[in-house]
Amino acid sequence: NTVFDILFRKLCVSKEFEEVERLLEQILGTGWEISTHILFGVIRSCCKTDKLEKAQNVMKKIEQYGRSPGVQFYNGILKSLVSMKKFHMAQTIYNHMVSTQVSPNLQTFNIVMNALCLAGKVEEASGLLEEMGKRECNPDIVSYTTLIGGYFKAKRVEEAMQFINQAREMGCCPNNVFYNTIIDGLCKKGKMDEGLSLLAEMDAKGCAPDEITYSILINSFCNEGKMNKAMEFLDIMGEKNLNPNIITVNTILKGFCRIGLFDNAIQFLDKMEERGCQPD
RNA sequence: UCGCCUAUAUUCG
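Using my numbering, read the first sequence as starting at 1 and increasing by one per residue.
Honestly, the hints are just simulated from the structure, not real lab data.
In silico DMTMM-like cross-links for lysine to aspartate or glutamate, where the CA-CA straight-line distance does not exceed 25 Å:
#1 254 <-> 273
#2 240 <-> 210
#3 51 <-> 16
#4 61 <-> 21
#5 51 <-> 63
#6 226 <-> 211
#7 61 <-> 19
#8 61 <-> 16
#9 86 <-> 63
Here are the simulated distance ranges between beta carbons:
#10 162 <-> 258: 31 to 37 Å
#11 205 <-> 63: 44 to 50 Å
#12 124 <-> 15: 31 to 37 Å
#13 240 <-> 22: 54 to 60 Å
#14 13 <-> 274: 34 to 40 Å
#15 154 <-> 206: 27 to 33 Å
By construction, the Cβ of each residue, glycine as well, lies at the ideal position given by its N, Cα and C atoms.
From just these sequences and the hints, can you work out the full model?
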């Protein structure tokens with residue numbers, strides 16, 4: 001499998017998809033076990049380069065040899081297509097999946113929800129949320145977080161707030177990602193005070209703020225030119241034994257540069273390098 | 001019962 005992995009990787013980056021198909025046919029013909037992540041990688045490469053027909057050929061080939069991919073396999077492919085914003089491709093793969101009697105599960109729906117939100121189709125996304133309830137696949141905290149993030153990005157704060165309440169009413173257990181998404185949404189809509197009160201709430205509810213929570217707040221202070229507040233929160237992070245990561249550092253550098261404090265930026269960069277945070 | 005796969009921050013790309 002290690003050899004196959006290297007072989008397929010190289011063939012895919014050189015876009016030798018004809019050769020990929022031939023080789024795959026040979027391997028499957030021998031009945032050898034070939035690991036899922038290799039097949040997954042091949043299909044993903046096809047999709048990435050818009051070789052939809054190739055992706056389908058490979059999929060069919062796998063099926064011919066009785067290796068029908070399960071829902072997890074599809075979820076993995078759908079997720080990477082969605083993160084590449086290849087929505088049309090994702091749609092086709094989804095249709096294929098359904099046509100081969102593989103039922104979408106909660107994760108599949110959440111991926112589709114994310115796709116709709118990223119495509120700015122929040123109405124359809126909230127429609128899906130309802131649909132899920134009807135299909136004995138109740139939305140979970142991930143579904144709600146995705147949808148809420150979508151509404152914030154669509155600048156529809158009121159509706160985002162409604163879904164936050166709905167998530168609570170439905171008894172979804174809030175977690176860090178849920179809080180982080182909301183705090184980010186509020187801060188970016190100039191509602192920092194509300195964001196800060198959620199920070200207190202999450203702490204009180206046993207969701208310890210993490211690196212991402214702080215980078216959201218620091219980013220917000222930076223964008224308001226309040227570098228003293230940003231640095232204050234960096235210190236608070238340190239007190240909680242959370243280390244600033246490359247994103248935290250980049251955020252603060254941007255904050256200094258934005259208002260022309262280049263010396264402070266360089267000073268800060270040096271300090272972080274000393275502390276072992278290499279610039280990227 | 002427990003894990004796994006899905007959602008959140010910087011780069012206007």
